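S.K.: Each chain is listed here by its residues.
2 protein chains.
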Amino acid sequence: MDKHFLIRRELVNARLVKLAAEASAPHVLRAPLEKAITSPGKRVRGVLTMTVGEALGARGDKLLDAAAAFELIHASSLILDDLPSMDDAELRRGEPTLHRAFGEDLAILAAVALLNQSYTLVAASHAALKPRRWPLAAVIDRVVRAVGWDGTIAGEAVDLHCEAETLDFHTLEYIHSRKTGALFVASAAVGAMLAGASDAMLGSVEAYAKNLGLAFQITDDILDATSSPDVLGKDVGKDEGKLTFVRLAGVDGARQLNRELIDTSIRAIAPLGSAAEPLRALATMLRDRTS
Amino acid sequence: MDKHFLIRRELVNARLVKLAAEASAPHVLRAPLEKAITSPGKRVRGVLTMTVGEALGARGDKLLDAAAAFELIHASSLILDDLPSMDDAELRRGEPTLHRAFGEDLAILAAVALLNQSYTLVAASHAALKPRRWPLAAVIDRVVRAVGWDGTIAGEAVDLHCEAETLDFHTLEYIHSRKTGALFVASAAVGAMLAGASDAMLGSVEAYAKNLGLAFQITDDILDATSSPDVLGKDVGKDEGKLTFVRLAGVDGARQLNRELIDTSIRAIAPLGSAAEPLRALATMLRDRTS
Chain L
1 MDKHFLIRRE LVNARLVKLA AEASAPHVLR APLEKAITSP GKRVRGVLTM
51 TVGEALGARG DKLLDAAAAF ELIHASSLIL DDLPSMDDAE LRRGEPTLHR
101 AFGEDLAILA AVALLNQSYT LVAASHAALK PRRWPLAAVI DRVVRAVGWD
151 GTIAGEAVDL HCEAETLDFH TLEYIHSRKT GALFVASAAV GAMLAGASDA
201 MLGSVEAYAK NLGLAFQITD DILDATSSPD VLGKDVGKDE GKLTFVRLAG
251 VDGARQLNRE LIDTSIRAIA PLGSAAEPLR ALATMLRDRT S
Chain Z
1 MDKHFLIRRE LVNARLVKLA AEASAPHVLR APLEKAITSP GKRVRGVLTM
51 TVGEALGARG DKLLDAAAAF ELIHASSLIL DDLPSMDDAE LRRGEPTLHR
101 AFGEDLAILA AVALLNQSYT LVAASHAALK PRRWPLAAVI DRVVRAVGWD
151 GTIAGEAVDL HCEAETLDFH TLEYIHSRKT GALFVASAAV GAMLAGASDA
201 MLGSVEAYAK NLGLAFQITD DILDATSSPD VLGKDVGKDE GKLTFVRLAG
251 VDGARQLNRE LIDTSIRAIA PLGSAAEPLR ALATMLRDRT S
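Keeping their order, the protein sequence lines are chains L and Z. FYI, the numbering for the first sequence is 1 to 291, going by our numbering. FYI, the numbering for the second sequence is 1 to 291, going by our numbering.
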């Protein structure tokens with residue numbers, strides 16, 4: 001992984017640790033919240049917010065709260081996805097899932113708490129950067145659209161309730177553009193808005209992140225089909241009954257699709273000129289990841 | 001119930017019906033969302049937002065989105081409270097609870113969707129009223145504080161994990177000031193902020209709503225101990241194993257406490273002068289409610 005990514009990931013991690021330490025939660029919620037907030041992760045979404053925002057001229061330290069917000073939203077969605085009534089997963093990031101460690105009730109409450117907290121964090125970055133073009137209401141709307149009933153929640157609901165046998169590429173794209181794509185797009189879009197991006201810049205960044213998110217999901221599918229749990233730190237082969245890009249196109253076909261999406265992603269930010277360089281590097285790094 | 005209350009409740013209901021109709025959710029989420037948003041309720045929190053905001057000079061129609069937001073947050077918390085891993089309730093408002101009707105997964109996703117949507121609605125009322133004293137970030141923070149890890153979520157977590165035998169009045173007050181009180185206070189506080197209230201006015205309104213919320217919860221405890229499910233439309237006697245105000249002080253003691261809290265509530269808004277009249281009427285109405 002390149003240095004740009006690692007430095008920002010450490011900054012996001014440090015912000016998350018501080019956030020967990022400062023949470024004024026009752027005793028019974030402290031351990032589940034701390035584990036939910038600080039358990040290891042790639043922090044791709046948070047780094048995406050920072051990379052986009054910095055590329056468009058915002059100061060990294062002022063983007064940190066918003067970056068942490070997207071990691072909280074992501075952590076929240078993983079907790080919910082893992083629940084017995086959803087994917088019923090036992091392992092996540094190499095450790096017992098939150099409901100296995102602390103019970104379903106505290107896992108659900110922790111997930112909802114993280115989601116709420118993310119709105120305060122987005123508002124804090126907005127107050128620090130004060131982008132004249134984008135009032136806070138527009139930024140909040142952008143987040144809600146990503147995680148609301150036509151965003152990640154829609155993707156998860158359709159994923160859980162569609163019949164694998166009748167699934168086609170269109171439905172799979174619907175699911176993943178929402179389950180993974182929507183939050184990628186919002187992470188990047190909010191970074192751009194906080195940096196005061198123009199509509200055209202925002203459009204470029206959103207197209208970049210949409211393709212990047214889909215490619216990221218396809219890489220996950222490929223890794224699920226070809227890796228062991230030791231490597232991934234989560235249950236593998238969970239997708240067996242499900243239609244995935246790998247099942248639809250084979251491993252080679254999925255790899256090909258992945259490369260095409262990354263190429264499309266990089267083309268989308270060409271109008272940004274030299275500012276696009278760190279975004280190109282991030283896309284290339286994600287294309288080549290092995291875990 | 002008085003006319004002031006009924007008119008505003010109808011306005012909130014109409015806004016919720018419109019919201020459910022406009023939700024751009026996938027097919028599988030539509031029925032659970034519609035039921036979650038539009039199933040009958042007292043709408044006390046939404047009416048509280050409107051009554052406070054109007055009393056302090058804001059236009060009712062511009063407060064409606066924020067009022068609907070607090071009803072969505074409340075509906076969301078009821079769905080979560082009723083889950084098998086929490087109170088495991090079968091009936092709510094006279095009908096099967098959401099997870100009994102649609103499954104746990106869709107119930108949880110619907111609850112999270114309502115919570116997210118509420119932030120957009122609060123932002124919409126803020127954009128309509130543009131209170132100079134209170135930027136949107138302050139209003140969002142106020143909502144997050146109420147529903148976050150030191151708010152309703154903390155109250156619910158402690159309620160689920162404390163030992164009834166060792167509970168005292170202090171812990172019971174901790175639980176209910178968060179489980180019920182926090183959202184009452186935020187509903188009123190946001191109404192006041194949207195109307196451009198001064199710090200002193202906001203303080204009065206918050207003290208009013210804090211005592212009102214606790215009184216409201218005590219009335220619920222009394223009704224749970226003395227009513228039948230036909231009257232209440234939800235499981236009764238659910239509190240039997242739990243420490244409630246009724247168990248702590250007896251029915252007569254709880255009634256006495258209820259009256260004292262309502263009196264304290266009304267005294268808190270005396271500094272508002274004649275603007276306090278509709279708030280006094282609301283408190284009196286809630287004191288005398290029988291369902």
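In short, the hints are calculated from the structure, not lab data. Hints should not be assumed to be uniformly reliable.
[What the hints assert, rightly or not] Heads up, simulated DSSO-like pairs for lysine-lysine below, C-alpha to C-alpha not over 27 Å straight-line:
#1 L:Lys3 x L:Lys18
#2 Z:Lys42 x Z:Lys18
#3 Z:Lys42 x Z:Lys62
#4 L:Lys130 x Z:Lys62
#5 L:Lys130 x Z:Lys130
#6 Z:Lys3 x Z:Lys62
#7 L:Lys62 x L:Lys3
#8 L:Lys62 x Z:Lys130
#9 Z:Lys130 x Z:Lys18
[What the hints assert, rightly or not] Just so you have them, the derived chain L footprint on chain Z, three or more residues with Cβ under 8 Å:
#10 129-140
#11 148-155
#12 254-260
#13 284-291
[Unchecked claim] Ranges of calculated distance between the beta carbons of each label pair, as one might list FRET restraints:
#14 L:Ser39 x Z:Ala270: 46 to 52 Å
#15 Z:Gly273 x L:His161: 38 to 44 Å
#16 L:Asp88 x Z:Gly203: 34 to 40 Å
#17 L:His161 x Z:Ala270: 33 to 39 Å
Values in this document were obtained by computation on a predicted structure and should not be read as measured data. By construction, the Cβ of each residue, glycine as well, lies at the ideal position given by its N, Cα and C atoms.
S.K.: Check each numbered hint against the structure and report the violated ones by number, ascending.
M.R.: When the structure is compared with the hints, numbers 12, 13, 15, 16 and 17 turn out to be violated.
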